[in-house]
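Undergrad: Spelled out, the chains give:
Number of protein chains: 2
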Amino acid sequence: MIEKKQCLTDTYLYREIYQQPEVLHKLLKDETNHIQEICEQIRKRKVDHVVIAARGTSDNAARYAQYLFGAKNRLSVGLATPSLFTIYKSPPRMDNALVLGISQSGSSPDIVEVLVEARDQGALTIALTNHPRSDLGEAAAFTIDIKAGKEHSIAATKTYTSELVGLAMLSAYLLEDEEMVNAINHLPMWMDETLKIADEINQITERYRYMRDCVVIGRGYNYATAFEFALKLKELTYTLVAPYSSADFLHGPLAMLDTGFPVFVIAPAGMMFPEMRNFIDTLNEHRAEVIVLSDDDRLLRKSRIPLRLPITVPEWLSPVTSIVPGQMFAMFLAHYRNIDVDRPRSLHKVTRTT
Amino acid sequence: MIEKKQCLTDTYLYREIYQQPEVLHKLLKDETNHIQEICEQIRKRKVDHVVIAARGTSDNAARYAQYLFGAKNRLSVGLATPSLFTIYKSPPRMDNALVLGISQSGSSPDIVEVLVEARDQGALTIALTNHPRSDLGEAAAFTIDIKAGKEHSIAATKTYTSELVGLAMLSAYLLEDEEMVNAINHLPMWMDETLKIADEINQITERYRYMRDCVVIGRGYNYATAFEFALKLKELTYTLVAPYSSADFLHGPLAMLDTGFPVFVIAPAGMMFPEMRNFIDTLNEHRAEVIVLSDDDRLLRKSRIPLRLPITVPEWLSPVTSIVPGQMFAMFLAHYRNIDVDRPRSLHKVTRTT
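Taken in sequence, the protein lines are chains A and B. Just so you know, my numbering puts 41 at position 41 of the first sequence, and the rest follows in order with no gaps. Just add 1000 to the spot in the second sequence (first one is 1) and you have my numbering.
Isolated chain A, as found in the complex:
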C-alpha cells in the first residue's frame, strides 16, 4: 500500500510561510514605539561593539546583523562563543558592548547564560524573541517581541524573517534614518510579491528529487541567506549542504567541485553584483550545475536554472525576501521526498543546548 501523501496546503509549514507578510505588518505596527524607546537608551550608552548570542536559525539572523550593523551603524559585531560561558566558565569582558540574544523560544540555556553574564558585567542587553516571557526575555534589560505568533512547524520560517526585520528596525531607528524606515515599511508588501514565486519554485524543485548534496553561496548581506537556506535544506530534506561565502569557497572548498555538482548562488541585485558575476563564471568553468536566485538578468542568464526574484528590494533588506524561495524550495523538495514537512526526523521545536 502506498502511504497517503501529505496535503501541503494543510501543513503548518506552508501556512507559516504564507503568514510572513501579515507577521511583518504586525511587527511594524506593534513594536515600532518600543524599539524607538530602546534605541534612545542605546544612544545614551557608549556602545563600542556588539556581541550576539544565538543558535540555529537565529544564528543566521545574527549573521545578517553583522553586515547590517557593520555597514549602516559602523558597529563591529562578533558572534558569542557560548561554551566560554557555560562550559569553560571563563567569559570574556563585554562591559562596553551591546549584547544581543536572539532565540525564537528564548529558552536555550547557553544563550540565556550569555545574556545573564553580560547583564552582570554591566553591559547593555537586548533579547529578540517570539516568547518575551521566556528566560531570555526575562534576563535582558530590553526585550523585543518579534510578534510572529505561535510557530508550530519545527523548521523556522516566519520567526526568521521577523527576527531579520526586528534587527533592521533596530538599525534604522538607532540612526533615525527616515529613508531606511520607509523601506522597512514596504516589507510586508514586498513579501507578498515574493510569495508569488511559489509555482515557479515548485516546478524546478522536482529536478532535485535525488540531489544528495549541494553547496549554497552568498556573500555580504546574503551570507545569512546562504546559511539559512542551507539549514532549511538540511532540516527538511536531509540533504548534505555546505554554505559558504564566495570568497571562502575559493580558499579551499573549490576543489570539491565536479561536473554537475549543484551550487545555489543567492545573488539579489546590488553592490555584490561584480563579485557574484565573477564567481558564477568560475562555477561555469568548472561545469557545476549553477542555480542562481536573483532579480538581475545578467546573472540569471549565466545560470543553468535561473530563479527570478519577482521584485527588487534595497540590497540591505534583500535577505528578508530572498530567503522565501529557499524556504519554498526546501518545503517542496521535502514533499517530493515524502517527508512530513512539519515534523522532520530527530528534531524538536525547542532545542536546549548548554
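Quick caveat, the hints were computed from the structure, so don't treat them as lab data. A few of these clues could be false.
Have a look at the derived ranges for each label pair, beta carbon to beta carbon [as the list claims (entries may be wrong)]:
#1 B:Asp1177 <-> A:Ile305: 34 to 44 Å
#2 A:Arg45 <-> B:Arg1133: 56 to 66 Å
#3 A:Arg45 <-> B:Asp1177: 41 to 51 Å
#4 A:Arg212 <-> B:Arg1337: 10 to 20 Å
#5 A:Tyr18 <-> B:Glu1193: 58 to 68 Å
#6 A:Leu175 <-> B:Glu1176: 36 to 46 Å
#7 A:Leu175 <-> B:Met1189: 48 to 58 Å
#8 B:Arg1133 <-> A:Asp199: 49 to 59 Å
#9 B:Asn1182 <-> A:Lys150: 18 to 28 Å
#10 A:Arg45 <-> B:Leu1008: 50 to 60 Å
Subject to a maximum C-alpha distance of 27 Å in a straight line, what follows is the list of computed DSSO-like cross-link-like pairs (lysine-lysine) [claimed, not checked]:
#11 B:Lys1072 <-> A:Lys89
#12 B:Lys1349 <-> A:Lys46
#13 B:Lys1072 <-> A:Lys72
#14 A:Lys72 <-> B:Lys1046
#15 B:Lys1072 <-> B:Lys1046
#16 A:Lys46 <-> B:Lys1046
These figures come from a predicted structure and were not determined experimentally. Where is the CB? At the ideal position from N, CA and C, for every residue including glycine.
Please build the complex by placing chain B on the supplied structure of chain A, with the hints as guidance.
TA: Quick look at chain B alone, frame taken from chain A:
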C-alpha cells in the same frame, strides 16, 4: 596501463607534516623576544576587544583565537567581515580594537584591506604571516613571522600549527603567565609524539575510500580543529564535509543523520568531556558511524572507530596536536583515491580574494 602511484614520502605534503616539530621549535626560539615586545605595546593600549581577518586555513586559526583570547585573556573576539571593507566600502569602527590579520602568504587583498583600514582608524594592528615582507606584513604595525619556511604543498599544514602557536604565545606573554609559557615550550616534543599516530591512521583510512560525505564535530577550543580537518578533507579528498559545533549540530543539522553516516568527533580530554560524551551517545542512538579522536578511554570506547591520540596535552593547546591525525587522514585518503596530494584540482597556493 595503471598509472604509477605517487610515492607519498616524496611529496611536499608528507614532508611538511613531519616538519611541524622543527617549525614550532624554530618559532619558539626566534620569535619569543619579538612577541614579548609586541605584548608590552598591547598592554599600553586600552584594548577592549579583538577583530581578526583571515580566510581558509588561517580563518580556522582565528576560530582558535576566539576561544583562547576569550577564556585566557577575557577578550571578546569577533571575526571580520571583509566585504564591508572591500565591497560595501563601509567598514565598522575599530578604534578600541586589537585588529589581527592572519595569512600564510600575506597577500589576499581583502585581508590586507581590513588591516589598512584598521591602521588608518588608529587601531592597534598585528599581522601573523609566513611572509613578513608581504602586503599584510607591511600594512600592520607589528608583524609576527610564523617561521614555517616555504610551504610548497597547496594544502596548508605546518603554517596552520605555527599560526596556532603564534597565537598561543601572544596569549601567554600578554598575561605573562609562566605556566602557559612552560606548556607552550613542550609543544615541539608533544608534536613529535603525536606524529607517531601515522600508521594507525593509515590503517583505518582505507575503510573510507568511498566515503562521499561526512560531518566533523568539535566544540570550544577544538571547534577550530573540526573546521580545519573538514577543510583538509575538502581540499585533498574532494569529500563533501560539514563541520559543526556539537551544540549547533543539534539545532537542525541532526536531521541529516542516517544509519552509518560518518561523523568524526574531535574530543581531546578536558572540560569538554561531558558535552562530548552526551553528544556521542546521541550519535550512537541514531546509528551513525562514530569516529572519535581522543586520548580519553571513556570516549574511545563509545566509538565505532577509535583514534587514540598518543599523548595528553592541556586542553587549551590540544588544537595544535589534535589536527595532526586529521592532516594525516586527509593525506592518506587522498592517496587511496589516487589524488596528487601536493596539487589537488582547481586550487592554487595563494588565493587572492577581494
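Undergrad: Now look at each hint and say whether the structure bears it out.
TA: Here's how the hints hold up against the structure:
In this structure the supplied range 34 to 44 Å is violated for Asp1177 of chain B paired with Ile305 of chain A, their Cβ-Cβ distance being about 56 Å. A C-beta distance of roughly 43 Å is found between Arg45 of chain A and Arg1133 of chain B, which places it outside the suggested range of 56 to 66 Å. Look at Arg45 of chain A against Asp1177 of chain B: about 33 Å separates their beta carbons, and that is not inside 41 to 51 Å. Taking 10 to 20 Å as the suggested C-beta distance range, the pair Arg212 of chain A and Arg1337 of chain B conforms, at roughly 18 Å.
Take Tyr18 of chain A and Glu1193 of chain B: their Cβ atoms lie about 60 Å apart, and the range 58 to 68 Å holds. Checked against the hint of 36 to 46 Å, the pair Leu175 of chain A and Glu1176 of chain B passes, with Cβ atoms roughly 42 Å apart. Take Leu175 of chain A and Met1189 of chain B: their Cβ atoms lie about 55 Å apart, and the range 48 to 58 Å holds. Judged by the Cβ atoms, the range 49 to 59 Å given for Arg1133 of chain B and Asp199 of chain A holds: they are separated by roughly 58 Å.
Between Asn1182 of chain B and Lys150 of chain A the Cβ separation comes to about 56 Å, which falls outside the hinted range of 18 to 28 Å. For the pair Arg45 of chain A and Leu1008 of chain B, the supplied restraint of 50 to 60 Å holds, since their beta-carbon distance comes to about 58 Å. Straight-line distance between C-alpha atoms of Lys1072 of chain B and Lys89 of chain A comes to about 11 Å, which keeps the hinted pair within the 27 Å bound. A threshold of 27 Å between alpha carbons decides the hint, and for Lys1349 of chain B with Lys46 of chain A the separation of about 43 Å lies outside it, so the pair is violated.
At most 27 Å may separate the alpha-carbon atoms for a hinted pair to count; Lys1072 of chain B and Lys72 of chain A exceed this at roughly 32 Å. Between Lys72 of chain A and Lys1046 of chain B, the direct Cα distance comes to roughly 26 Å. Compliance with the 27 Å bound is thereby established for this hinted pair. Of the pairs offered as hints, the one joining Lys1072 of chain B and Lys1046 of chain B holds, with about 17 Å between alpha carbons and a cut-off of 27 Å not exceeded. Restraint check: the Cα-Cα separation between Lys46 of chain A and Lys1046 of chain B comes to about 15 Å, which is no more than 27 Å; the hinted pair holds.
Comparing the model with each earlier hint shows violations of hints 1, 2, 3, 9, 12 and 13; every other hint is respected.
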